[in-house]
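> Chain by chain, the residues:
There are 2 protein chains.
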Amino acid sequence: MIDLNRRGLVMAAGGVLAAGAVGMPAWANPERKLGYAVVGLGGYGLGRIIPQFKECQHSRLVALVSGDPAKAKKVAAEHGVPERGIYNYQNFDSIRDNPDIDIVYICLPVFMHAEYTIRAAQAGKHVMCEKPMAISVAECEQMIAACRKAGKKLMLGYRSRFEPHNVEAIRLARSGAIGKLRYFRSEHGFTARDPNTWRMKKAQSGGGSLMDIGIYALQAARYMTGEEPVAVFAKETTDRSDPRFREVEDMIDFQLEFPSGVIGSCMSMYSANRNQFVLMGDKGRIELEPATAYSGQRMWVGGERSDKTLVTPPPGPYANQWVGQLDHMAQCVKDNRETIVPGEEGLRDIRIIEAVYRSAREQKRIVLRG
Amino acid sequence: MIDLNRRGLVMAAGGVLAAGAVGMPAWANPERKLGYAVVGLGGYGLGRIIPQFKECQHSRLVALVSGDPAKAKKVAAEHGVPERGIYNYQNFDSIRDNPDIDIVYICLPVFMHAEYTIRAAQAGKHVMCEKPMAISVAECEQMIAACRKAGKKLMLGYRSRFEPHNVEAIRLARSGAIGKLRYFRSEHGFTARDPNTWRMKKAQSGGGSLMDIGIYALQAARYMTGEEPVAVFAKETTDRSDPRFREVEDMIDFQLEFPSGVIGSCMSMYSANRNQFVLMGDKGRIELEPATAYSGQRMWVGGERSDKTLVTPPPGPYANQWVGQLDHMAQCVKDNRETIVPGEEGLRDIRIIEAVYRSAREQKRIVLRG
Numbered sequence: 001m002i003d004l005n006r007r008g009l010v011m012a013a014g015g016v017l018a019a020g021a022v023g024m025p026a027w028a029n030p031e032r033k034l035g036y037a038v039v040g041l042g043g044y045g046l047g048r049i050i051p052q053f054k055e056c057q058h059s060r061l062v063a064l065v066s067g068d069p070a071k072a073k074k075v076a077a078e079h080g081v082p083e084r085g086i087y088n089y090q091n092f093d094s095i096r097d098n099p100d101i102d103i104v105y106i107c108l109p110v111f112m113h114a115e116y117t118i119r120a121a122q123a124g125k126h127v128m129c130e131k132p133m134a135i136s137v138a139e140c141e142q143m144i145a146a147c148r149k150a151g152k153k154l155m156l157g158y159r160s161r162f163e164p165h166n167v168e169a170i171r172l173a174r175s176g177a178i179g180k181l182r183y184f185r186s187e188h189g190f191t192a193r194d195p196n197t198w199r200m201k202k203a204q205s206g207g208g209s210l211m212d213i214g215i216y217a218l219q220a221a222r223y224m225t226g227e228e229p230v231a232v233f234a235k236e237t238t239d240r241s242d243p244r245f246r247e248v249e250d251m252i253d254f255q256l257e258f259p260s261g262v263i264g265s266c267m268s269m270y271s272a273n274r275n276q277f278v279l280m281g282d283k284g285r286i287e288l289e290p291a292t293a294y295s296g297q298r299m300w301v302g303g304e305r306s307d308k309t310l311v312t313p314p315p316g317p318y319a320n321q322w323v324g325q326l327d328h329m330a331q332c333v334k335d336n337r338e339t340i341v342p343g344e345e346g347l348r349d350i351r352i353i354e355a356v357y358r359s360a361r362e363q364k365r366i367v368l369r370g
Numbered sequence: 001m002i003d004l005n006r007r008g009l010v011m012a013a014g015g016v017l018a019a020g021a022v023g024m025p026a027w028a029n030p031e032r033k034l035g036y037a038v039v040g041l042g043g044y045g046l047g048r049i050i051p052q053f054k055e056c057q058h059s060r061l062v063a064l065v066s067g068d069p070a071k072a073k074k075v076a077a078e079h080g081v082p083e084r085g086i087y088n089y090q091n092f093d094s095i096r097d098n099p100d101i102d103i104v105y106i107c108l109p110v111f112m113h114a115e116y117t118i119r120a121a122q123a124g125k126h127v128m129c130e131k132p133m134a135i136s137v138a139e140c141e142q143m144i145a146a147c148r149k150a151g152k153k154l155m156l157g158y159r160s161r162f163e164p165h166n167v168e169a170i171r172l173a174r175s176g177a178i179g180k181l182r183y184f185r186s187e188h189g190f191t192a193r194d195p196n197t198w199r200m201k202k203a204q205s206g207g208g209s210l211m212d213i214g215i216y217a218l219q220a221a222r223y224m225t226g227e228e229p230v231a232v233f234a235k236e237t238t239d240r241s242d243p244r245f246r247e248v249e250d251m252i253d254f255q256l257e258f259p260s261g262v263i264g265s266c267m268s269m270y271s272a273n274r275n276q277f278v279l280m281g282d283k284g285r286i287e288l289e290p291a292t293a294y295s296g297q298r299m300w301v302g303g304e305r306s307d308k309t310l311v312t313p314p315p316g317p318y319a320n321q322w323v324g325q326l327d328h329m330a331q332c333v334k335d336n337r338e339t340i341v342p343g344e345e346g347l348r349d350i351r352i353i354e355a356v357y358r359s360a361r362e363q364k365r366i367v368l369r370g
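The listed protein sequences correspond, in order, to chains A and B. For the first sequence, the UniProt record's numbering begins at 1 and goes up steadily by one. For the second sequence, the UniProt record's numbering begins at 1 and goes up steadily by one.
Only chain A is shown next, with the shape it has when bound in the complex (with noise of 0.2 Å):
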């Protein structure tokens, strides 16, 4: 006996679904691509994610949702979603009844990620949540918690994770390419303009440049040295007479600690543009610039700076990494696994994030609890 059911396929002893078998939910048929409904027609969500879906293999934008309807209208036309496909954050809960949509891309401010997400799980969506994951950790409890009850899928749109020379430098570091890792630092940052963007509003975004730029670096410390931070130290400056700096931070050092004697040192600002990271072992170093660019990333591996070679990584199976994310997404819940950016993932960056502002504020090393 088979039992389809729309929280999860059980499949009998023995028993093999052909792809298409009639009776088999959509989200199940291996050939479908899985539908993704875009929330937030803002510079990324429109400008970055939605042009993706026509390079993916397993995606597909199906619906929008915006609180601009004639921008909403043009962007479907555009990109053939169909009218139905058209929400607002009025009806958004009505997503629910619209069987195309499987996963909603949550690209709005930080501060509207828990609800949404929250409310598309409800809904019985599974979710990609854009970066960083909300504006605290009891939020991100909170959104974990919803699409676990949900039975649905929750992914971080870390995009860096998908991209070749980022995948090909875990690899070398976890290979002993550059013998064991000692120590590993990045600067992030790029020039804010705008002091009127919800990005230097606290209560939208959560906080300054750590929570926007300075994330990739935190992000790449962890996934570069594979271990979690037992510790962090930070020291913050920022110019507050500057319009765009009345609320969040510019500039923020902060040192990690990680259990096998890793420091981690990096730097996030808004008042500059840097991208890069270098992993030092015993052995060499990787070293990438920019590393979690948009485009043009170029990595460095060998023993000494003179001796270095630039490396080109064997090219991955997407066609970019916005793709890959998108893509992953779709066959992790295609095939009923985790992703490897599972919202536990967001959560951990928020918790240390929140350890780093602390320690800036009360000048002390603060200790991280697993």
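Rather than coming from a laboratory, the hints here were simulated on the basis of the structure. We put the beta carbon where it would ideally sit given N, CA and C, even for glycine. Some hints could be false.
To be verified - Interface residues of chain A toward chain B, partial, derived using beta-carbon atoms under 7 Å:
| hint | residue |
| --- | --- |
| 1 | F233 |
| 2 | K235 |
| 3 | T237 |
| 4 | S241 |
| 5 | Q255 |
| 6 | P259 |
| 7 | I263 |
| 8 | S271 |
| 9 | D282 |
| 10 | E362 |
| 11 | K364 |
| 12 | R365 |
Given chain A, put chain B in place with the hints provided.
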């Protein structure tokens, strides 16, 4: 009336001393090269300092102090040092009777700096002392007191202060070329290979990579910002099973807080070669790599990574950084003015280094007291 004595030059109102005037002490003759005694014929004294005198305008080598009579005799012969200029550690104090010697250059293991600086001052000689100044703040203070009591100058061998790229970088930073200063980062290290050198014995070196090579990062943080740190935080990581690191640290990462809000972030190590610094302002950055090496300095100045320009500094008045250091001291003695790197400057570094070590040991931020 003109009063000339060995302790100083007092010029009567309206009086002008002609070069080589009868009755003028030898050191006051602007045409005369001042005589150096080099103490210690190890790699640095013999390999780096002694060869410089042939390029000097104000300095000459007149004496050697060594525990190896055969070596001393050979080196003396090669460099035109007369027989009467050869000393050992037993008869060192008799340098007081050698009028050729104006300045004693201490190129000894760190634990011997205090003793020989004090004995040289007591013998009536000015002192150039290699960095780090001594193994403790207490020793540094004794050295300064001894030189002050003897009325003799004490200068530290911070050669980078005479290296044209560093000199130009300081000038640019002070000129506002990169705007308001925000952040300084430096990594300094080299691969230490010999577990049996005095550098690896804490009683002789005073510490590990920080005392030896990380001090360049610390010095640069201070001279590039023009500020004194008010607090430090540090984390050390050392593989104590490595025979090189039984007594001294390998890697230490430390953060300096400057009063203006500039953050200094430094890393020191004995396990890889690294020699660079970056000073960031709100309008650009100055980058040197290598920054404080024996040669090959390169400097970039610019707004962002992509539009920075390789800058060749003006050549400066000296043949190289060591010649600058030696001749600056000689000129300051002749002119009876303070050097740009007096004993107090060496003491400041050792005071900060002690706080860095204490921070790493106690795992807390250490406030520095002026």
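> Determine for every hint whether it applies to the structure shown.
Hints, verified against the model:
no., hint, result
1, F233, "holds, 5 Å"
2, K235, "holds, 5 Å"
3, T237, "holds, 4 Å"
4, S241, "violated, 11 Å"
5, Q255, "holds, 6 Å"
6, P259, "violated, 11 Å"
7, I263, "holds, 5 Å"
8, S271, "holds, 6 Å"
9, D282, "holds, 6 Å"
10, E362, "violated, 10 Å"
11, K364, "holds, 6 Å"
12, R365, "holds, 5 Å"
Hints 4, 6, 10 from the earlier list are contradicted by this structure; the remaining hints agree with it.
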